[in-house]
Amino acid sequence: MNSFKKNLLKKRYNAERRFQWYGKIAIGLALSFLAVFMFQIFSKGYSAFQKTWIATEVHYDKELLLIDAESPSKDDLENADYYDVAYKAMTSLDPGLPEEEDRQLIQMVSYKYETEVKDLLLKNPDFLGKIVPIKLTASDDVDQVHKGNYPRDIPEKNRRVNDYQLQIYDMLNERGDILSEFNISFFTSPDSREAELAGIASSFMGTVFSILVCLAFSFPVAVLAAIYLEEFAPKNKFTDFIEVNINNLAAVPSIVFGLLGLGVLLAVFNLPRSTPLVGGITLSLMTLPTIIIAARASLKAVPPSIREAALAMGASNMQTTMHHTVPLSMPGTLSGTIIGLAQALGETAPLILIGMVAFVNTIPGTPVDPAASLPVQIYIWSESAERGFVEKVSACIMVLLAFLILMNLAAQIVRHKFEKKWS
Amino acid sequence: MSKIKAENVNVYYGSKQALFDVSIDIAEKEVTALIGPSGCGKSTFLRCLNRMNDVIEICRVEGSIKMDNLELNSRKLDVVRLRENVGMVFQKPNPFPKTIYENVAYGPTIHGIAQSKEEMDQIVETSLKKAALWNEVKDRLDEIGTGLSGGQQQRLCIARAISVSPEVILMDEPCSALDPIATAQIEELIDDLKKEVTIVIVTHSMSQAARVSQKTGFFHLGKLIEFGPTDKIFKNPDNQQTQDYITGRFG
Numbered sequence: 108m109n110s111f112k113k114n115l116l117k118k119r120y121n122a123e124r125r126f127q128w129y130g131k132i133a134i135g136l137a138l139s140f141l142a143v144f145m146f147q148i149f150s151k152g153y154s155a156f157q158k159t160w161i162a163t164e165v166h167y168d169k170e171l172l173l174i175d176a177e178s179p180s181k182d183d184l185e186n187a188d189y190y191d192v193a194y195k196a197m198t199s200l201d202p203g204l205p206e207e208e209d210r211q212l213i214q215m216v217s218y219k220y221e222t223e224v225k226d227l228l229l230k231n232p233d234f235l236g237k238i239v240p241i242k243l244t245a246s247d248d249v250d251q252v253h254k255g256n257y258p259r260d261i262p263e264k265n266r267r268v269n270d271y272q273l274q275i276y277d278m279l280n281e282r283g284d285i286l287s288e289f290n291i292s293f294f295t296s297p298d299s300r301e302a303e304l305a306g307i308a309s310s311f312m313g314t315v316f317s318i319l320v321c322l323a324f325s326f327p328v329a330v331l332a333a334i335y336l337e338e339f340a341p342k343n344k345f346t347d348f349i350e351v352n353i354n355n356l357a358a359v360p361s362i363v364f365g366l367l368g369l370g371v372l373l374a375v376f377n378l379p380r381s382t383p384l385v386g387g388i389t390l391s392l393m394t395l396p397t398i399i400i401a402a403r404a405s406l407k408a409v410p411p412s413i414r415e416a417a418l419a420m421g422a423s424n425m426q427t428t429m430h431h432t433v434p435l436s437m438p439g440t441l442s443g444t445i446i447g448l449a450q451a452l453g454e455t456a457p458l459i460l461i462g463m464v465a466f467v468n469t470i471p472g473t474p475v476d477p478a479a480s481l482p483v484q485i486y487i488w489s490e491s492a493e494r495g496f497v498e499k500v501s502a503c504i505m506v507l508l509a510f511l512i513l514m515n516l517a518a519q520i521v522r523h524k525f526e527k528k529w530s
Numbered sequence: 039m040s041k042i043k044a045e046n047v048n049v050y051y052g053s054k055q056a057l058f059d060v061s062i063d064i065a066e067k068e069v070t071a072l073i074g075p076s077g078c079g080k081s082t083f084l085r086c087l088n089r090m091n092d093v094i095e096i097c098r099v100e101g102s103i104k105m106d107n108l109e110l111n112s113r114k115l116d117v118v119r120l121r122e123n124v125g126m127v128f129q130k131p132n133p134f135p136k137t138i139y140e141n142v143a144y145g146p147t148i149h150g151i152a153q154s155k156e157e158m159d160q161i162v163e164t165s166l167k168k169a170a171l172w173n174e175v176k177d178r179l180d181e182i183g184t185g186l187s188g189g190q191q192q193r194l195c196i197a198r199a200i201s202v203s204p205e206v207i208l209m210d211e212p213c214s215a216l217d218p219i220a221t222a223q224i225e226e227l228i229d230d231l232k233k234e235v236t237i238v239i240v241t242h243s244m245s246q247a248a249r250v251s252q253k254t255g256f257f258h259l260g261k262l263i264e265f266g267p268t269d270k271i272f273k274n275p276d277n278q279q280t281q282d283y284i285t286g287r288f289g
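Sequence order for the protein chains is A and B. Everything in the first sequence is counted per the working numbering, starting at 108 for the first residue and increasing by one. Everything in the second sequence is counted per the working numbering, starting at 39 for the first residue and increasing by one.
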């Protein structure tokens, strides 16, 4: 081998090695971005799954509750006055505190502490007249202090938790009266202005209803359109034009669909504002082209020999399509549908336009009740000033990601498990 | 006795003419082989006989093809009825990705041939027996048809074709994807079937044509060059082109 040839060969090997390195670097960059992103979210958000409680004692004093009856009924307990009982439960933590300063103690628990005192008695009517231990939801400021998210070394006047409250907190913490437990209410409560009470139940249900409505509207329409276009429609300029338009529709920015929902569904059809029904229909406009394209691709992938076999047996076009082509294309269509829905799941802009951005503190029971959705909830919380919402935003992102991963997994499983092999 | 009589058949794909004035008489309960080099139009002609060319949008068929005095090349013809009477076996085995039972039962189901489950079982069994596949699959009728070997798949396709008791079966190079043993089995099967059915077979293998057929037609460049008894075509053809093709000088 002469030296020129040797050189050429060496160059070729070097070029390939370099190329492989570029690829590895690209993958490494992508993975490290993902890792940073995940670390950010998890490190900020994991603490939202812990809830801080303050343990104290409550005396269900009949006199303070203003209950006269000897053996009070459920209604009596329901209508009793819990203000004093709850107030005493908190102020008993520091009996020496002058009355005009008591707000400092009350501020350490959520504003709903009176309801919590009431609920405990309603659940256990025999506590009446007794002194029992109780745990009250800590305010978001105490919660953040306990989780170590709140700086203690800044000047007192810039702090939402003053020195006295920190002192009480330290005392309680030493006694073991600050409890940290799994935050069930994050999943069972609707949104709230108070970070310690806010949960994702409303937005989660809103998302579930929106996706179901979206599926119910887009799947049948898209599949029928795909079957007609692929199996029955003549191939001419007009169907080409339709195909181009469907592909274009898939590229339309989502906010445009939001405007359409606002202008048509709300303004013309007068559907109820801020509801998953309108949200779902708006999202279905977005998923429609995605599903049509996926369904057409998987119909195209069915080998023509199967169609010929059915036609040669004397099956009509309709029978060939319904008995053979469509069932064989279903795995691809379904996984395309799930991917389309997963895209819709993360949409925020169109939902904001149709009013699903409203503050909703009830859990929707039907698609026509007002609701938020998970991505919109993230948007709402990220605009809130309180420190307690920072971890909630990340926690909500985690839930949304888990939802997305589950759906994509489902798409994979559907594709691999139900895909039929043909010779 | 003539089963199918084609007269002056011309086929066009768009502006390209694929068949030129083909006239042929296909005798009942005989095997007719169509031979010729690739692209000579023999498959195109075969697909005229069960109107499978309808699937190809740009395809246009002219001329007259009569089966028992019924004009096949007519807009008014019910192709579903026609294909019930004229079955087809394709070059590549193409069983449905369903069970063996469902594969055979599909035709009788859509044509409403079986009245009961027992009757259907009977049809499936008879068809598989006629296709010489019964003994191999009788214990696994609920397995997927595409899981069989190539030769078995092709026999399953034949069973599927005969399940509706057609009068004619068209075979488009049925053995080209099979090994010699499977080919021999199919050829034996063709021999058996011709007692009841008229068979038209397109083949690339001249020895196969010589073995299984009674009549042979030689196609070249879209024209039927010569048609006659197989013996005569192979031993003493009238046409020089036929002679050249048979002896392997071109093709």
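Derived by calculation from the structure, the hints in this document are not laboratory data. None of these values were measured; they are calculated from a predicted model. Mixed in with the good hints there might be a few duds.
Claimed, not checked - Quick list of in silico lysine-lysine cross-link-like pairs, DSS-like style, CA-CA up to 30 Å: (1) B:Lys-273 / B:Lys-114; (2) B:Lys-54 / B:Lys-232; (3) A:Lys-342 / B:Lys-54; (4) A:Lys-342 / B:Lys-176; (5) A:Lys-169 / A:Lys-151; (6) A:Lys-169 / A:Lys-230; (7) B:Lys-67 / A:Lys-342; (8) A:Lys-407 / B:Lys-54.
Regarding the pair Lys-342 of chain A and Lys-54 of chain B, is the alpha-carbon distance no greater than 30 Å? holds, 20 Å
Next pair to validate is Lys-169 of chain A with Lys-151 of chain A; report whether the Cα-Cα distance is within 30 Å. Given that 30 Å is the threshold and the Cα spacing comes to 45 Å, the pair is violated.
Are Lys-169 of chain A and Lys-230 of chain A close enough, with their CA atoms no more than 30 Å apart? The given pair, whose Cα atoms are some 16 Å apart, holds under the 30 Å limit.
Is the Cα-Cα distance between Lys-273 of chain B and Lys-114 of chain B 30 Å or less? violated, 43 Å
Can the restraint linking Lys-67 of chain B and Lys-342 of chain A be considered satisfied, given a maximum Cα separation of 30 Å? Violated. Lys-67 of chain B to Lys-342 of chain A sits at ~41 Å, over the 30 Å cutoff.
Are Lys-54 of chain B and Lys-232 of chain B close enough, with their CA atoms no more than 30 Å apart? violated, 35 Å
Holds or violated: Lys-407 of chain A to Lys-54 of chain B, with C-alpha atoms at most 30 Å apart: holds, 27 Å
For the pair we were handed, Lys-342 of chain A and Lys-176 of chain B, check the Cα-Cα distance against 30 Å. Violated, at about 44 Å.
Of the numbered hints stated above, those contradicted by the structure are hints 1, 2, 4, 5, 7, listed in ascending order.
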